[in-house]
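*Asks:* Residue-level listing of the chains:
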Amino acid sequence: MKNRTHKACVVFCLLIYSCNNNTRLPGNINTRASLPDSIQLTVSGLKVLTTFINRKAGTTSVLYGNPLALREAAGLNKEVVGGEIFTLVTWKQQPDTHWFGAQIPGDFLSAEQLKTDSAGQAVVLNYRRYEGNRFVPDSDTLYKSGRIRFILAQRPSVMP
Amino acid sequence: MKVIIKKKIYRVISFLVLVVVIVQFIQPRFENPRVTGDITAPAEVKTILKRACFDCHSNETKLVWFDRISPVSWMVAKDIRDGRNAFNFSAWNNLPAAQQKDKFWEIVNHALSGVMPLKEYTMMHPSAKLSESDLAVLKNYVSGMAYTETYDSSKATEESAQFNQWQKGNGIQFIPVASNGVAYDPDYKNWQAISTTDAFSNGTMRVIFGNAVAIRAIKEKNTRHWPDGTVLAKVQWDQLADHEGNIHTGKFNQIEYMVKDEKKYASTEGWGWARFKTPDLVPDDKDAMFATKCINCHRPVKDLDNVFTFPIEQ
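If you read the sequences in order, they're chains C and P.
This note's numbering puts the first sequence at residues 16 to 175.
This note's numbering puts the second sequence at residues 38 to 351.
None of these hints come from the bench; they were simulated from the model.
Computed from a predicted model, the values in this text were never measured in an experiment.
Glycine residues also receive a C-beta, built at the ideal position from the N, C-alpha and C atoms.
Heads up, a few of these hints could be off.
To be verified - Per the computed footprint, the stretches of chain P lying under chain C, defined by three or more beta-carbons under 8 Å from a beta-carbon of chain C, are:
| id | segment |
| --- | --- |
| 1 | 92-99 |
| 2 | 140-151 |
| 3 | 233-240 |
| 4 | 279-288 |
To be verified - For lysine-lysine, the following DSBU-like pairs were computed, each having C-alpha atoms within a straight-line distance of at most 35 Å:
| id | chain 1 | residue 1 | chain 2 | residue 2 |
| --- | --- | --- | --- | --- |
| 5 | C | K130 | P | K226 |
| 6 | C | K107 | P | K256 |
| 7 | P | K226 | C | K71 |
| 8 | P | K300 | C | K130 |
| 9 | P | K87 | C | K107 |
| 10 | P | K271 | C | K93 |
| 11 | P | K140 | C | K130 |
| 12 | C | K71 | P | K87 |
| 13 | P | K271 | C | K159 |
| 14 | C | K130 | P | K271 |
| 15 | P | K323 | C | K107 |
| 16 | P | K87 | P | K323 |
| 17 | C | K62 | P | K140 |
| 18 | P | K140 | C | K93 |
| 19 | P | K323 | C | K71 |
| 20 | P | K192 | C | K71 |
| 21 | C | K62 | P | K314 |
| 22 | C | K93 | P | K192 |
| 23 | P | K314 | P | K256 |
| 24 | P | K205 | C | K130 |
| 25 | P | K99 | C | K62 |
| 26 | P | K271 | C | K107 |
| 27 | P | K323 | P | K300 |
| 28 | P | K226 | C | K159 |
| 29 | P | K99 | P | K339 |
| 30 | P | K300 | C | K71 |
| 31 | P | K256 | C | K62 |
| 32 | C | K62 | P | K87 |
Whenever a hint applies, use it, and build me the whole structure from the sequences.
*Replies:* Below, the structure written as structure tokens:
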């Protein structure tokens, strides 16, 4: 009898140990930061142009661009030309649980896209914005033009 | 029959005892060299460090009787040697101030993750274990060392100069290679970003890139054991505050790579490590043990294939 209790105890301990081991090693993908599948916007094929942090809002962003957008941002184009694509992704920051002293992207907040199209002599600026997994039709043109100006004002990070 | 077995057991035991006695004559030398630059820290912090870390990371090692028994003493001697080599609180003040800060963040992170003090040691010296309140004291103290960014025109100038140089330059003339064979790979600029870091500890920011193999591993949730061919690159810039308090990338400091090849890099945890500094991409491999430094600091994530980053799927 005693022996059996003993064995049961050992098995139980092993079970607890293996469970513990699993919870200590969770899947380490940052799922809350990933771009929702539902939004019609992707960064694949684009390059990192720059990254910045808004201290007051506690957010962090990455601005991506296609090669034309990168040229534009580096000031190599005299003016905006057709065919530029910029995508700006913004996250709420969260503490890095692997390293005290750092913050990493937390919840995905928004994705904005600026696409330029040439229409004859003129260049049309198309701006779209998603907040969470929802498309935001911007009626506020002032806000919109502010965001476009902001995106076009970013300079590439030095990446030798 | 029984008597013979008993005799045999008796003989084996006495042989073992003899061996144990003999090895006691093979003793490592324990020395406490002079203290040249003792760490200055608030008393409550120092008490914790003295109790939990000083035996291996200072010249004030206090051995107890069982530390002196061979073969335990041999392991103790090795830990003390390697520990003092890693960093030494008795020579702490001889380090430049910036290095002291960086090292202390590393120290606190090793304590928080539980990789230090070494498990073998706390088993025998339970009083060295760190409590939650000890950890809180360390966190609080190191938080006071965090970098506070303000607009600094000289930093902005520095970044501008670097930017102009970079735009003018027609790239590097040859590909720099670190002494372990890991080469700078300019292709990282075409890879996907898998995360970013705001290191408020030292006022830097980073983007972490993954090559195609890495991105596939993330898609397949295969990141607990990154496949051969994975390359992770981490680019680091100074933080540059604007007038509104927003933080942009300032001066480029360095790029680091981790290249997975279980066979080729078996001696360095399956990864080839390399760091290239400044826009001239100078390999940071002067110290022959440079990869050990990388691995030691990545130790808190040893169970995650030595990778800190929580990759973002996008």
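*Asks:* For each hint, tell me whether it holds in the structure or not.
*Replies:* Hints, verified against the model:
1. Here's how the segment 92-99 of chain P fares: 0 of its residues keep a CB closer than 8 Å to some CB of chain C, so the rule of at least three is not met and the hint is violated.
2. Chain C is given as covering the segment 140-151 of chain P, and this holds because 5 residues of the stretch bring a CB closer than 8 Å to a CB of that chain, at least three being needed.
3. Judged by the Cβ-Cβ criterion of 8 Å, the segment 233-240 of chain P is covered by chain C as claimed, because 7 of its residues qualify and three suffice.
4. For the segment 279-288 of chain P, the assignment as covered by chain C holds, since 6 residues bring a beta-carbon within under 8 Å of that chain's beta-carbons and 3 suffice.
5. Between K130/C and K226/P, the direct Cα distance comes to roughly 21 Å. Compliance with the 35 Å bound is thereby established for this hinted pair.
6. A C-alpha spacing of about 23 Å is found between K107/C and K256/P, which places the hinted pair at or below 35 Å, so the restraint holds.
7. A distance of roughly 29 Å separates the Cα atoms of K226/P and K71/C; the hinted pair therefore holds under the 35 Å criterion.
8. Proposed proximity of K300/P and K130/C is contradicted: the alpha carbons are some 46 Å apart, above 35 Å.
9. Restraint check for K87/P and K107/C: the C-alpha separation of about 39 Å exceeds 35 Å, so the hint is violated.
10. Using a Cα cut-off of 35 Å, the hinted pair K271/P and K93/C holds, with the two alpha carbons roughly 32 Å apart.
11. For the hint linking K140/P to K130/C, the alpha-carbon distance of about 45 Å lies beyond 35 Å, and the restraint is violated.
12. Between K71/C and K87/P, the direct Cα distance comes to roughly 39 Å. Violation of the 35 Å bound is thereby established for this hinted pair.
13. With a C-alpha separation of about 33 Å, the suggested pair K271/P and K159/C falls inside the 35 Å cut-off, and the hint holds.
14. Simply put, K130/C and K271/P have alpha-carbon atoms about 29 Å apart, close enough for the 35 Å limit, and the pair holds.
15. Taking the CA atoms of K323/P and K107/C, the gap is near 39 Å; set against the 35 Å cutoff, the hint is violated.
16. Pair hint K87/P plus K323/P holds up; C-alpha atoms about 32 Å apart against a cutoff of 35 Å.
17. At roughly 34 Å between alpha-carbon atoms, K62/C and K140/P fall within 35 Å of each other, so this suggested pair holds.
18. The hinted pair formed by K140/P and K93/C fails the criterion: a straight-line CA distance of about 47 Å is larger than 35 Å.
19. Between K323/P and K71/C, the direct Cα distance comes to roughly 41 Å. Violation of the 35 Å bound is thereby established for this hinted pair.
20. Under the criterion of a C-alpha separation no larger than 35 Å, the hint pairing K192/P with K71/C is consistent with the structure, at around 21 Å.
21. Among the hinted pairs, K62/C with K314/P is consistent with the structure: their alpha-carbon atoms are about 22 Å apart, no more than 35 Å.
22. With a C-alpha separation of about 27 Å, the suggested pairing of K93/C with K192/P holds against the 35 Å cut-off.
23. The hinted pair formed by K314/P and K256/P meets the criterion: a straight-line CA distance of about 31 Å does not exceed 35 Å.
24. Restraint check: the Cα-Cα separation between K205/P and K130/C comes to about 27 Å, which is no more than 35 Å; the hinted pair holds.
25. Taken as a hint, the K99/P and K62/C pair is broken in the structure, with Cα atoms around 55 Å apart against an allowance of 35 Å.
26. For the hint pairing K271/P with K107/C, the CA-to-CA distance comes to about 21 Å; that is within 35 Å, so the pair holds.
27. Using a Cα cut-off of 35 Å, the hinted pair K323/P and K300/P holds, with the two alpha carbons roughly 24 Å apart.
28. Taking the CA atoms of K226/P and K159/C, the gap is near 29 Å; set against the 35 Å cutoff, the hint holds.
29. For the suggested pair K99/P and K339/P, the alpha carbons sit about 29 Å apart, so the restraint of at most 35 Å is met.
30. Between the alpha carbons of K300/P and K71/C the distance comes to roughly 47 Å, so the proposed pair goes past 35 Å and is violated.
31. Among the hinted pairs, K256/P with K62/C is consistent with the structure: their alpha-carbon atoms are about 19 Å apart, no more than 35 Å.
32. Restraint check for K62/C and K87/P: the C-alpha separation of about 49 Å exceeds 35 Å, so the hint is violated.
Violated hints, in rising order: 1, 8, 9, 11, 12, 15, 18, 19, 25, 30, 32; the structure is consistent with all others.
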